[in-house]
Every structure is written in structure tokens, then in C-alpha cells.
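Q: Residue strings, one per chain:
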Amino acid sequence: MSFLDITRATLAKDIRLEWRSKDAMNAMLFFALLVVVIFSFSFDPTAEESRRIAGGLVWVAFLFAAVVALNQTWARELRNQVLDAYRISPAPATPLFFAKALGNFIFVGIIEALMTPLFVAFYKLRALGPGWELLPVGLLGTWALVINGTFFAAISLRTRSREIMLPLLLFPISIPAILGMVNATTAILTGEDPARFWIALLVAYDVVFTTACLLLFELILEAE
Amino acid sequence: MNSMHYLYAAYIATWVIHGSYLVILMRKYSRVRKEMATLKK
Amino acid sequence: MKRGFTILAIVTALLLCFALYEALIAAPTEQTMGNVQRIFYYHVPSAWTAFVLFLINFVSSIVYLARRNVKADILALTSAEVGVVFCTVVLITGPIWARPVWGIWWTWDLRLTLTLVLWLIYVSYLILRRFSTSGKTPVIAAVLAVFGALDVPLVYFSIWFFRTQHPSPVIGDGGSLDPRMAHVLLINWAAFLCLAWLLCWTRYRLEFLKREVEEAQALESLMETSR
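If you read the sequences in order, they're chains A, R and D.
Residue numbers are given in the numbering used here: position 197 of the first sequence equals residue 197, and the series is strictly consecutive.
Position in the second sequence counted from 1, then plus 224, gives you the numbering used here.
Position in the third sequence counted from 1, then plus 265, gives you the numbering used here.
One chain only, chain A, in its complex shape:
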């Protein structure tokens, strides 16, 4: 079976499993809503100010929601000893990892898509710059968090204090990506500077770390 076949099969299985246990998804969505509301209570700026800080606020909220989601997805694999099955199976580890990352990407993407209109409403957001650019920023930024997040979540499985280990590893490495996402979003919302450099930075980050994750996952899976 080719790389794509294995990826597609694993991804389909994960989506089916996730759909069957809708509880986890619903809990996650409610958590996302709570995050938006708490942030809106805590930071209540005027429309003018909100354009400057919304970039940071939204992405920090997404970051925390993503970490909670990522911690969840590997936990289920552990409970059912799926990782051991992966290790024994003749399928190479890389497409399995890629499918996991894609599944997480879809999962986190749905959460973000639901949080965004709430943020827009609470903060009366309106982009002064080219609004369509927010889509590539959203996609690239989310991928940056998810690809490394999935990888580090796998590493965290073999550590004490597993839940705290994931953000502990993810946050420092993600700093350039976070700078990119936040500044690109702020640039687009305020319309003051071009977001182009930050988007280029996100592209570079995604390329570098997607390659690194795909090449090195096999080593992580073997580490027992």
C-alpha cells in the first residue's frame, strides 16, 4: 500500500472513531466556547484597540484549545494499546503519523471555525486590510501548531506528567510560528503593515517542521 493509501485509511478510521464518540467532540467545543467568553470578559477593549490585540488573543485562545484537543487524541490510542499495534504492523510509521496530524488538523480546525465568529461578534472585529489573507494565515498557523503538537504529544506518551509535557515542549519551539500567526493577523486586521513577511515565515516554518516530523517520527515510535 502506498503512503497515501495508508494515510487515507488511517484518517478515515480516526474520523469514524471520533464521530462515534461525539461526547469528546462536544466537550471540546463547549470548552472552546468557554475560552472565548472568559477572554471577552477579561479583555474588553474598544473597537479600535481590539483590532490591535485581537490577533494575539485569538491565537492564544486557539493555542490552549489545540493543546487540550491534542492531549485528548493520543490518550485514546494509549488506552486501547493502539501504539503497540502500530509498532508491530508492517506499515511504515510515517503515514500513520501523517494521518494523525491530518485528523488533529481537522479537529482543531473545526474548533477554530466555531470560535472565530464568536470572537468577531464579541470584539466587533472587521479587517481593515485584505481580509481574505486571514484564511492562509489560519491554515498555516493551525498546521504549524498541529504538526509539532502531534509529534510532541507522541513523545509525551512516555513521560511522567504527560499532560503538562506537551505544552512544555510545544510552546518554546512554536515561538516563531506564534509570532508569525499573531503578527500576520494583527497586520491584516489593522491594515497597517503587509502580512507578507509573516506568511512567508509561516510557510518556511511549516515546511521545515513537517519534513522534520515525517522523517523523525519512526525514531520516536520505536523508543519504548
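If you're looking for bench data, these hints aren't it; they were derived computationally from the structure.
Computed from a predicted structure; not experimentally measured.
From the three backbone atoms N, C-alpha and C, an ideal C-beta is built for every residue, glycine too.
Certain hints may be false.
As the list claims (entries may be wrong) - Residues from chain D that keep clear of chain A, each with C-beta distances beyond 12 Å, as calculated:
no. : residue
1   : TRP313
2   : PRO365
3   : ARG394
4   : ALA407
5   : ARG470
To be verified - Lysine-lysine pairs mimicking DSSO-like chemistry, simulated, CA-CA at most 27 Å apart:
no. : chain 1 : residue 1 : chain 2 : residue 2
6   : D       : LYS336    : D       : LYS267
7   : R       : LYS265    : R       : LYS252
8   : D       : LYS401    : R       : LYS252
9   : D       : LYS401    : D       : LYS475
10  : R       : LYS264    : D       : LYS475
11  : R       : LYS265    : D       : LYS401
12  : R       : LYS258    : D       : LYS267
13  : R       : LYS264    : D       : LYS267
14  : D       : LYS475    : R       : LYS265
15  : R       : LYS264    : R       : LYS252
16  : D       : LYS475    : D       : LYS267
17  : D       : LYS475    : R       : LYS252
18  : D       : LYS475    : D       : LYS336
19  : D       : LYS475    : R       : LYS258
20  : R       : LYS265    : D       : LYS267
Start from chain A and add chains R and D according to the hints.
A: Just chains R and D now, with coordinates in the frame of chain A:
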């Protein structure tokens, strides 16, 4: 605060950090030495 | 071995004293900042030393992944730990310098911010090593080190561009440097490199002994249970 105080603070802080690290290493050394001694018995 | 260590210790102590003299007394006083500028002679070489140590960590991690050589793994751990110590010095001396000169404790200065991010990455590396329950911790740690190293250029460029959009005070040499000051700077760097070597040598020895003891203890408990 006189600016010279900042200068001294910086230099002293540097040596406190390096010194503390050395002290930690020395303590670990003596602990390992003790364990080696009990093993040899 | 023991003699080499003693010689290094003596040379380091002498160099550090000489470098201190140069920094505090021999070096010319800077015009705008006055004597506080002398913090520069400790702040900058510590940063350079930390970067060298992290480079050593990167190289030994790669060597470990390629050859699974235990010595490479111990060197990786050692250089990361000593690197974090030097990074801490940079992060403490930086604000102490910024305060009298700029009136603020922190600034998103390129070198200072890069050092902060490196400190965070390598502290997370050390925590991973401590918390890992896997038998193959060295492999996982080496992979993390590679990730950290890949991150560095991205961190550099992101901070650099961030600063062009949000200019803030620069800690240290604005640009050209008086050759006498450069001279003192290099002497202090040489002294700190020797100190780093000494600390690494000590830590390396310690780790080696620790692992021997752990193996011996494991062997002993195995023999106890089989009796």
C-alpha cells in the same frame, strides 16, 4: 541607585550563578561517591 | 586525566582573574553609558559561550542519532546543561544593564530575546530528559535537540523582523567597537570558554560515574532476585 551598584550586581550575579552550579555538581559528586562505596562492599 | 583537569582549572582561574581586571580597570570607560557599560564584558561573552555550547549539543545529538554512541549522548546532556547556566547569566545581566541605561528591565533586543527562547527550548529539553520514562530517552532527547536547532534560524528571523516593526532599545554595541574594548571582550570570552570547558568536563565525569553506578545497582538487584 548609583550606576556602579548595577555593575557590581551584574558581576556578582554571574559568579553566584556559576558558583551555585559548581556547588550542586560537587554535592552530586559526593552522593555518587557514597553510592559507589556502598556498592563495593 | 586528573592532571589535565587540574591544569585547566588553574588556567581558567588565572584567565578569569586577568579578564576581570581587564574588564573593570584596564578597559576604557565608555562615553555615554559610563562604567555600567562594563557589564557588556560579561553579558556578551556569556551569550557567545552559550551559543557555542548549544552548537555542541546539536552536533553531538546528530552523532548520537547516527551512531548511538553513549559518549555523544552524555556530551549532549552536558553541553545543554552548562549552556542553560550561561544563558541564565545572559538573561540576568541583560536586564541589570538595561535598567540604568534605558530605565526598563526588559527589551525585545535581538540577542536577549534569542537567548530567552534558547533558554526555554533547552530547559524543556532538560525537563524531557528528567521526566522521560522510556528506555530510549537519549534518542527522544536527540530528536528534540534537532528540532530546537532547526528552530533557531526561524526564531532569529522572526525576532529580527518583529524588531523592524517594533523598534526597541539595543543592548550593547550599537555598531562599531573601540578596538581596545574588542580586545577586552575577546579576553573575557576566552576565559568563559575555559570555564565552560571546566564545567562540562566536571558534569561529563559526573554523568559517566552516575551511569556506571546505576548499571552496577541494576546488576546487583538482578543478581539478588535470581538468588
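Q: Could you run down the list of hints and mark each one as holding or not?
A: The hints, checked one at a time:
Its beta-carbon lying about 21 Å from the closest one in chain A, TRP313/D satisfies the requirement of being farther than 12 Å from that chain. A cut-off of 12 Å between C-beta atoms confirms that PRO365/D is not in contact with chain A; the least separation is 29 Å. Annotated as non-interface, ARG394/D brings its C-beta within 12 Å of a C-beta of chain A; the closest such distance is 10 Å. A Cβ of chain A approaches the Cβ of ALA407/D within 12 Å, the least distance being about 8 Å, so the stated non-interface status is violated.
ARG470/D, annotated as away from the interface, keeps every beta carbon of chain A farther than 12 Å; the closest lies near 27 Å. A threshold of 27 Å between alpha carbons decides the hint, and for LYS336/D with LYS267/D the separation of about 19 Å falls inside it, so the pair holds. Taking the CA atoms of LYS265/R and LYS252/R, the gap is about 21 Å. The hint holds against a cut of 27 Å. The hinted pair formed by LYS401/D and LYS252/R meets the criterion: a straight-line CA distance of about 24 Å does not exceed 27 Å.
For the proposed pair LYS401/D and LYS475/D, the alpha carbon gap of about 17 Å is at most 27 Å, so the pair holds. Restraint check for LYS264/R and LYS475/D: the C-alpha separation of about 15 Å stays at or below 27 Å, so the hint holds. Between LYS265/R and LYS401/D, the direct Cα distance comes to roughly 31 Å. Violation of the 27 Å bound is thereby established for this hinted pair. Restraint check: the Cα-Cα separation between LYS258/R and LYS267/D comes to about 20 Å, which is no more than 27 Å; the hinted pair holds.
Proximity of LYS264/R to LYS267/D is assessed by CA-CA distance (about 22 Å); at most 27 Å being required, the pair is judged to hold. Note on LYS475/D and LYS265/R: the hinted pairing holds, with a Cα-Cα distance of about 18 Å set against a maximum of 27 Å. This hinted pair checks out: LYS264/R and LYS252/R have alpha carbons roughly 18 Å apart, not beyond 27 Å. At most 27 Å may separate the alpha-carbon atoms for a hinted pair to count; LYS475/D and LYS267/D meet this at roughly 18 Å.
A threshold of 27 Å between alpha carbons decides the hint, and for LYS475/D with LYS252/R the separation of about 9 Å falls inside it, so the pair holds. With a C-alpha separation of about 13 Å, the suggested pair LYS475/D and LYS336/D falls inside the 27 Å cut-off, and the hint holds. For the given pair, LYS475/D sits about 11 Å from LYS258/R by alpha-carbon distance, which is consistent with the 27 Å threshold. For the hint linking LYS265/R to LYS267/D, the alpha-carbon distance of about 25 Å falls within 27 Å, and the restraint holds.
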